[in-house]
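The whole structure should be built from the sequences, with the hints applied where relevant.
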Amino acid sequence: MECEEGYGLPGHAGQRAPAGWRSLVCGQRSLTLKDFFTCHLLKTILLGQVLSMLICGTAVTSQYLAEAHVETPMLQSFLNYTLLLLTYTTTLFFRKGEENIIQILKSRWWKYFLVALTDVEANYTVVLAYQYTTLTSIQLLDCFVIPVLMVLSWFFLKTRYRPLHFIAVVVCLLGVGAMVGADLLAGRDQGSNSSVLLGDSLVLISAALYAVSNMCQEYTVKNLSRVEFLGMMGLFGTLISGVQLGVLEVGAITKINWNWTICLLFPSYVLCMYGLYSFMPVVVKMTSATAVNLSLLTADLFSLFCGIVLFHYKFSVLYIVSFVVITLGFILFNVVPTYTPDSGEVTEGDPADESGTLNSRHEAFSKLLQNALSAHPDAVEKTIDDIMALKKINPDTNPQLAISLQASLFQIVGYRNLVLEVEKLRREPYDCENPDHEEMLMKLWKTLRPDSALTGRISKQWCEIGFQGSDPKTDFRGMGLLGLQNLLYFAEHDKAAALQMLHDSLQPKHSKMSKAEWEKQKFDKAIGYSFAIVGINITDLAYSLLVSGSLKTHLYNVAPEMPSLMHFQQTF
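Residue numbers (the working numbering): 683 to 1254.
Quick caveat, the hints were computed from the structure, so don't treat them as lab data.
Given the structure is predicted, the values throughout are model-derived calculations rather than measurements.
Don't be surprised by glycine CBs; every beta carbon is placed ideally from N, CA and C.
Please note that the accuracy of each hint is not assured.
What the hints assert, rightly or not - Below 30 Å or equal to it, Euclidean Cα-Cα: the simulated BS3-like pairs (lysine-lysine) are:
1. K1177 / K1128
2. K904 / K793
3. K904 / K788
4. K1177 / K1106
5. K840 / K1064
6. K725 / K1064
7. K1177 / K1142
8. K778 / K788
9. K1177 / K1155
10. K1106 / K778
11. K1106 / K1128
12. K1074 / K904
13. K1125 / K1155
14. K725 / K967
15. K1128 / K1155
16. K1064 / K793
To be verified - Label-pair distances were calculated between CB atoms; the ranges are:
17. A750 / K793: 33 to 41 Å
18. T769 / K1064: 15 to 23 Å
19. K840 / N1116: 47 to 55 Å
20. K1074 / T1156: 56 to 64 Å
21. S1152 / L1102: 30 to 38 Å
22. G779 / N1080: 28 to 36 Å
Structure follows, in structure tokens:
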């Protein structure tokens, strides 16, 4: 298949496919066979199948538990949410700033509570449906999650699909039909049919709830973080499932005949479910929640393949056909990216939509750049990932670009933070009641005049190191604490040069040289000035250069990672 202006859509040999049809189906981009065999697409397929195998693991362990007459779906969910709580929620406790759990709960706890409630009830209702309807109905109706998710993504995530995406979904559903057909031919249309209408309704409700949960997951992992989503699911999921467990399943738990097999099945189920919850946001961030659900359609096939070995199911060629068809549909869905405002992907085609799409992309990119300039240093790496995703740059093909962008953003963010830090010090007045301020001032004296004891806090001796009067604090009114810190840094880190400059500054007032010698030497080097006052004035000059941006080139060269206060003091 080749969606180019030259060839590709059905027609006579050598006849050009109309550009309108091409843009309608797959946009203005040209698709060749290479687009169907990219590293990213292959990785997406493999990761999707890993998720399917994890679901298969939960299905197999649940089947064994059912054969042992253990019917505790809420207990199984509770153990999974508890494991999420112990890992991801705990991680949020140790994070700082806006990513700390306290800040998250203050701003959006009720949103995560509703998402967790949706997720818990989705798991519960689908298990409950097995008591009332058949396996075939569940396999068919469970696909309802895909159209619901597409509708929700269209309205809430502003995702825009092309006809090719809808064709891909139909192809995947045909694959599910082949799988269900194989089940019917094998006589595995099992399950209760005591109240089919109730069971089918529960499946549809479960699918709708899963769609809501998946959509919220996609938004969170693409705009906030995977750890935040899983941490909140662990916290609220544990609370909700714990309450529901106490109400519904205490009796069922007491009836369990515990043995080593059941003791192994429970942790096996929980680890598979924990792996699914932990790994699914990674794949969702790479693709979308809809694409992930399409890949999960093969989970039932993996369960059937395991059933052939473990439960002696009868093999059918239709299983292979189903797997191939579903995989083909998944490839078709992912080969042409969908557009969302966050991804910045432009899906050209309809001229009426093109201008609005470009504006949305421009606005999203402008907002991201504005946020990048004020990003916290800990968020720089995530910001670079967002920029790469927004511009559709594959980091695997150009890894050096991400490294260079990160280094550049670290320097930009570091410079902005340095300006703020220096300004804060400049605005902080010297306070003689502050023991830290007094300690720095006394340290400055002892460093510059180690052989001369200070007779008092207010003393004419301060003039010996270049202050204008008996109380040095009056000289810090212009530069605040910044002036004192720079003087002390110079005296401590380049003591020899500081002492020599102080010695020169005292000439000729404290010198025995003659007037003739003074006239001769004063042209050789700077002598005869107020050391401290000149230092404060140089601080003022360095501050002006910093605020105006004139020090950017210098600091970017001397600070390969992030310029800091130390680099500013070295410049002084």
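To see whether the hints hold, each was checked on the structure:
| no. | hint | in the structure |
| --- | --- | --- |
| 1 | K1177 / K1128 | holds, 12 Å |
| 2 | K904 / K793 | holds, 16 Å |
| 3 | K904 / K788 | holds, 21 Å |
| 4 | K1177 / K1106 | holds, 27 Å |
| 5 | K840 / K1064 | holds, 22 Å |
| 6 | K725 / K1064 | holds, 21 Å |
| 7 | K1177 / K1142 | holds, 23 Å |
| 8 | K778 / K788 | holds, 14 Å |
| 9 | K1177 / K1155 | holds, 23 Å |
| 10 | K1106 / K778 | holds, 22 Å |
| 11 | K1106 / K1128 | holds, 27 Å |
| 12 | K1074 / K904 | holds, 14 Å |
| 13 | K1125 / K1155 | holds, 14 Å |
| 14 | K725 / K967 | holds, 13 Å |
| 15 | K1128 / K1155 | holds, 17 Å |
| 16 | K1064 / K793 | holds, 23 Å |
| 17 | A750 / K793: 33 to 41 Å | holds, 39 Å |
| 18 | T769 / K1064: 15 to 23 Å | holds, 20 Å |
| 19 | K840 / N1116: 47 to 55 Å | holds, 54 Å |
| 20 | K1074 / T1156: 56 to 64 Å | holds, 60 Å |
| 21 | S1152 / L1102: 30 to 38 Å | holds, 34 Å |
| 22 | G779 / N1080: 28 to 36 Å | holds, 31 Å |
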